[in-house]
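If you read the protein sequences in the order shown, they are chains A and B.
Under UniProt numbering, the first sequence is numbered contiguously, ending at residue 145.
Under UniProt numbering, the second sequence is numbered contiguously, ending at residue 145.
If you are wondering where the hints come from, they were derived from the structure by calculation, not from laboratory data.
Hints may be right or wrong, so weigh each one.
Identical chains blur together in the list; that is why a pair holds if it fits in one copy or across any two.
[As the list claims (entries may be wrong)] 27 Å max Cα-Cα, derived DSSO-like pairs, lysine-lysine:
| # | residue 1 | residue 2 |
| --- | --- | --- |
| 1 | K76 | K133 |
| 2 | K95 | K138 |
| 3 | K124 | K138 |
| 4 | K76 | K138 |
| 5 | K40 | K22 |
| 6 | K133 | K95 |
| 7 | K124 | K22 |
| 8 | K124 | K76 |
| 9 | K76 | K95 |
| 10 | K76 | K22 |
Protein chains: 2
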Amino acid sequence: MLDDIDRRMVETLVEDARISLKELAQRVGLSSPSASERLKRLEERGVIRGFTVDVDPAALGYTLQAIVRIRPLPGKLHVVQDLIQQIPQFSECDKVTGDDCFVGRLHIRSIDELDTILDRIADKAETSSSIVKAQPVKRRLPPLL
Amino acid sequence: MLDDIDRRMVETLVEDARISLKELAQRVGLSSPSASERLKRLEERGVIRGFTVDVDPAALGYTLQAIVRIRPLPGKLHVVQDLIQQIPQFSECDKVTGDDCFVGRLHIRSIDELDTILDRIADKAETSSSIVKAQPVKRRLPPLL
DNA sequence: TGCGCCGGTCGATGTCATCAAGCATTTTTC
DNA sequence: GAAAAATGCTTGATGACATCGACCGGCGCA
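The whole structure should be built from the sequences, with the hints applied where relevant.
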């Protein structure tokens, strides 16, 4: 699926996506045009969805994170989903199997803010929140086969 | 904390971190050197932690995702944490308050693989897994104040 | 009022991305 | 099994870009 050079390119770009093509090329042992061509194909194949920036929420004042499980009351599933999407402090949310229909990550500046946000959901769903104390595994790639 | 130009720079880079300085500059209405200077300071301030690539796990064969809650048995907390860190299919894991000590995201190619991985934890912790059916909120930034 | 600082522009210079041409190796086809 | 075609690479030329120094205007402050 990915050969060794592709893997090293992806791993290199995960560390610094704004590296020059020239440097990327020499790190994986290719010429710039070849690296450019491979990069283009990784994007075309959908392996690389895009290039982005890693922003630290804490540096923006969001010193707290919570993982919130949400179980909409009967008939409220769509309302709740819309509500979640409209609350920008949810930086991600998954719809999952099981009783807890949604699991989301909330970035907040205080416990107060958590309370305010959950109040908006409280009459449409049961919620269960856990404050993030540490991140033993920071965002990383699964193994590149 | 962030002025309007900073915000637009960050938002632009979230969309495409490999854009040229020149284009970034003209999108926010600055000259290239000014944009370069601001970018450098956003990194120095820790607002921007780095530039990275958005890899699609599905394109690598990881067509399934699970959210796993993990409650280590008494005395097993550190062993479990080490184990989680060593399992590369965990793309992220948070240590949280409450009974479920850890919440992680697992990328797997089949239900079989889920079973295999959870077996490695089973004698040290209780786990509760939910398969991700959809992602109503894809990874996004909290509001930039 | 005058001084110094901050954040900006402009223009020159060296680095980089990109394109076309060509080459070696592998795959396909008859 | 040999000719043809397709891959994937390199090199060198050209135009675009990042970066640096010099300079400028507005603002806070003694």
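The hints, checked one at a time:
In the homo-oligomer, the alpha carbons of K76 and K133 lie at most 27 Å apart only across protomers (18 Å), although the nearest pairing inside one protomer, at 31 Å, exceeds that limit. With identical chains, the CA atoms of K95 and K138 are at most 27 Å apart both within one copy (22 Å) and between copies (11 Å). With identical chains, the CA atoms of K124 and K138 are at most 27 Å apart between copies only, with a shortest distance of 22 Å across copies and 32 Å within one. Taking the shortest Cα distances, K76 and K138 sit within 27 Å of each other only across copies (21 Å), while inside one copy they are farther apart (33 Å).
In the homo-oligomer, the alpha carbons of K40 and K22 lie at most 27 Å apart both inside one protomer (15 Å) and across protomers (21 Å), since each shortest distance falls under that limit. Proximity of K133 and K95 under a CA criterion of 27 Å is satisfied in both settings, with 23 Å inside one chain copy and 5 Å between copies. In this assembly of identical chains, the alpha carbons of K124 and K22 never lie at most 27 Å apart, being 54 Å within a copy and 48 Å across copies at closest. Taking the closest pair of Cα atoms, K124 and K76 come within 27 Å of each other only inside a single copy of the chain (6 Å); across copies the shortest separation is 37 Å, beyond that limit.
Within a single copy, K76 and K95 get their C-alpha atoms as close as 14 Å, which meets the 27 Å cut-off; across copies the closest is 30 Å, which misses it. For a Cα distance limit of 27 Å, the shortest separation of K76 from K22 qualifies neither inside one copy, at 53 Å, nor across copies, at 48 Å.
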